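K.L.:
Residue numbering for the sequence shown follows the UniProt record's numbering, beginning at 1 and increasing consecutively.
Hints are computed from structural coordinates only; laboratory data are not their basis.
This one's a predicted model, so the numbers in the text were calculated from it and none came from an experiment.
Keep in mind that a hint or two might mislead.
[Said to hold, decoys possible] Across the chosen pairs, the derived CB separations fall in these ranges:
no., residue 1, residue 2, range
1, K61, P104, 22 to 28 angstroms
2, L47, F76, 21 to 27 angstroms
3, P49, G101, 47 to 53 angstroms
Quick reminder that beta carbons are idealized off the backbone N, C-alpha and C, glycines included.
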Amino acid sequence: MSRRQIEKNSHKPKFGLITRIQSHASGHLSVDQFFGYVANCLVIPSLKPSEPPRFASGDLKLDSLTKEDIHQPLEFQYVVVDTSEGAYKQEDKARSGETLGQLPLLNPL
1 MSRRQIEKNS HKPKFGLITR IQSHASGHLS VDQFFGYVAN CLVIPSLKPS EPPRFASGDL
61 KLDSLTKEDI HQPLEFQYVV VDTSEGAYKQ EDKARSGETL GQLPLLNPL
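Modelling step: build the complete structure from the supplied sequences, incorporating the hints.
P.N.:
The structure is reproduced here in structure tokens:
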């Protein structure tokens, strides 16, 4: 959700959705919350039985696998709002399933 401080940052040439997507694309599990959702909900459940031991040896890295998944075509929707309050309301609607008629895979309420 790219809602934080919309009013404060709206004068900048890049803010909101643009910087948020850039963060997700280059993120790391320990820093980016979306990155964590993708790792926990998509990457880890799809691991082959032979892959978890490779994490211990360093041959395989969860950050790398997650980054690959994020760079695959993922669908997302967005709504443009003018205020942080409006963004919070839209987020609650989306996370509760009201916006699209179903709960989102990542971060539902």
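K.L.:
Run every hint past the structure and note whether it holds.
P.N.:
Checked hints:
1. At roughly 26 angstroms, the beta-carbon separation of K61 and P104 lies within the given 22 to 28 angstroms, and the hint holds.
2. A hinted range of 21 to 27 angstroms holds for the C-beta pair L47 and F76, which are about 24 angstroms apart.
3. A hinted range of 47 to 53 angstroms is violated for the C-beta pair P49 and G101, which are about 36 angstroms apart.
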